[in-house]
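All chains should be modelled from the sequences, with the hints used to inform the complete structure.
Listed below are the residues making up each chain.
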Amino acid sequence: MPMSYTSSLRALREHDRTNIVGALKCNYPGISAELRDDDLHLSSDQHDESFLRSALASELATVKVIREAAQLRSALFDYLLG
Amino acid sequence: MSIAPLRFRALPSGDIVCVSDAGNAFKASADFVERFCSGSLSVEDRAYLDDRGDLLETDHGLAWEGFAHGVARRLSVASRLDYLILVPSLRCNLSCDYCQVSRASEKARGFDWTDETLRQVLEFIDCLETPSIKIEFQGGEPTLRPDLIAAVIERCARFERAEFVVCTNLQQLSAEILAIFDRPDVFISTSLDGAPGDHERHRTQTKARTGEFLSNLEALYRRYGPGKISALPTIDPRSPPEPSEIIDAYVSFGIHNIFLRPINYHGFARRRYKESVEQSQSWASYYEGFVHELIRRNWADRSRVLQETYFGICLRRIFKPGFERHVDLRNPNPIGTDYLLIDYDGKFYPSDEARMLARSGIIDLSIGDLQSGIDEARRQLMNRSASNTFDQDCQRCAYQPFCGRDLIDDLARYGRIDLPRTETEFCRKHRGIFDFVFALIFSDDPAVRYSLCRWLGLPGEIELAEVAP
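Going line by line, the protein sequences match chains A and B. Numbered according to the numbering used here, the first sequence spans residues 42 to 123. Numbered according to the numbering used here, the second sequence spans residues 7 to 475.
These are computed hints drawn from the structure, not numbers from a lab. Where hints are given, some of them may not hold.
Some chain A residues flagged as far from chain B (calculated, every beta-carbon gap over 12 Å) [what the hints assert, rightly or not]: (1) Ser45; (2) Thr47; (3) Arg58; (4) Thr59; (5) Asp78; (6) Asp79; (7) Asp80; (8) His82.
Computed cross-link-like contacts, BS3-like style, restricted to lysine-lysine with a CA-CA straight-line distance of at most 30 Å [unchecked claim]: (9) A:Lys105 x B:Lys33; (10) B:Lys435 x A:Lys105; (11) B:Lys326 x A:Lys105; (12) B:Lys234 x B:Lys326; (13) B:Lys234 x B:Lys140; (14) B:Lys435 x A:Lys66; (15) A:Lys66 x B:Lys33; (16) B:Lys33 x B:Lys435; (17) A:Lys105 x A:Lys66; (18) B:Lys140 x B:Lys326.
Remember, predicted model here, so these are calculated numbers, not experimental data. All residues carry an ideal CB built from backbone N, CA and C; glycine is no exception.
Encoded structure:
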């Protein structure tokens with residue numbers, strides 16, 4: 042029985058939405074991800090809803106950290122390699 | 007403003023692995039990660055991250071210094087050249103079905119080091135600026151030339167510490183080779199593909215030869231006891247033997263570390279077995295079943311600890327940064343720096359796989375030779391891509407601090423090194439293994455905890471998982 046999970050990505054920029062769909066497909070074989078209007082529809086015949094929710098939460102958090110920590114990470118490697 | 011530089015990975019259980027850039031990992035629920043995303047972490051959440059050193063202030067401070075130290079500790083530092091893989095002869099007295107590109111017939115001529123090559127090898131060793139050395143004799147079958155092995159070992163007397171590994175098929179044990187094996191600094195590495203039938207099908211091909219091998223292995227085990235001999239099984243993933251068959255065979259020779267490897271085809275063989283470019287889900291399931299069988303046995307019999315070697319390496323990459331020096335899983339992973347292969351003809355290669363790629367006509371990855379030394383331009387060209395730290399895909403991956411980079415593997419499988427990481431077998435394989443490792447770390451099963459602690463060298467059954475509120 043295929044499981045599905047839908048979440049709104051309205052708050053995200055277009056670029057981030059596209060990245061999240063791509064990352065879900067690459068990182069989690071067995072998940073199918075489709076963007077319809079502002080909503081992301083996830084489905085899988087291998088995983089349950091809890092996994093779909095966790096996979097999406099993981100990718101959303103990754104996008105947030107990439108944006109917020111970019112400067113810190115850059116400073117870190119300047120420091121380490123400097 | 008504070009920032010938590012974390013990365014996230016959902017496991018099939020629905021748990022989420024959160025890993026800081028410094029490699030500190032904890033388990034979180036989707037609720038926690040959603041609070042993190044929406045900027046609505048509770049006081050308790052923030053205190054948890056702060057206590058772990060995962061909540062950093064942008065104006066630096068002590069936590070930032072600790073974080074920087076943690077990241078630096080995860081980066082491997084290639085030392086001076088102190089690990090040589092030597093191929094004194096390409097000749098072999100077996101014709102294993104997955105080794106065609108790296109052998110020559112036992113009677114062939116021109117596939118051993120010449121006197122001049124030996125002289126150059128010894129001079130090369132004389133010039134190494136390291137207090138310790140490890141030398142692995144590969145082939146072909148290196149025991150066909152015990153004189154060359156003995157000459158190298160003798161030349162290493164000047165080192166403070168020296169260790170030698172003779173990789174041999176154990177088809178014949180001459181008095182000369184036994185004298186070498188008797189040295190306490192010499193270790194023996196062989197292949198044992200599980201039950202005698204499996205070993206015979208892929209390697210020895212006749213009952214008589216299988217008998218010779220098993221009798222020699224038995225004799226050496228009686229002579230030296232456990233610890234001197236290690237072995238690797240090479241498994242045909244299309245028809246793998248029952249895990250119990252392999253484990254029983256190893257235990258009977260006192261070998262408790264089993265490095266489970268699917269056949270790695272090269273050259274023409276890879277064209278013949280196209281599916282071998284990437285491991286299947288069925289191999290992953292087999293591998294996990296194998297590790298679970300080891301865990302079951304360890305729990306049932308506490309007198310010894312059985313371990314799948316690569317699983318142990320991955321586990322220690324998480325908890326003991328800097329402890330492992332496995333060159334197929336480290337970051338950065340520069341070639342031709344701290345280890346080097348010298349072939350039968352005096353050519354340098356970054357690894358055994360690189361030598362096989364050259365032999366099978368895929369790509370010449372030689373990086374110099376005994377006469378002209380290391381080809382710096384070629385070495386530097388490859389090492390420009392030897393790190394996963396700044397790779398776009400790896401930067402997003404929770405397992406990046408534990409993972410590595412293997413340029414030779416990418417070249418062997420795809421003929422290029424610039425594929426998106428997530429499309430490579432190296433990435434898929436390691437995502438799968440680390441998913442599995444973390445699933446076990448988060449397990450409540452006391453048998454699992456027992457084995458994980460033993461593999462980490464810890465006493466008792468310690469709770470390894472850290473869990474967010």
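Practice problem: Against the earlier hints, flag every one the structure doesn't satisfy and list their numbers going up. | Solution: none
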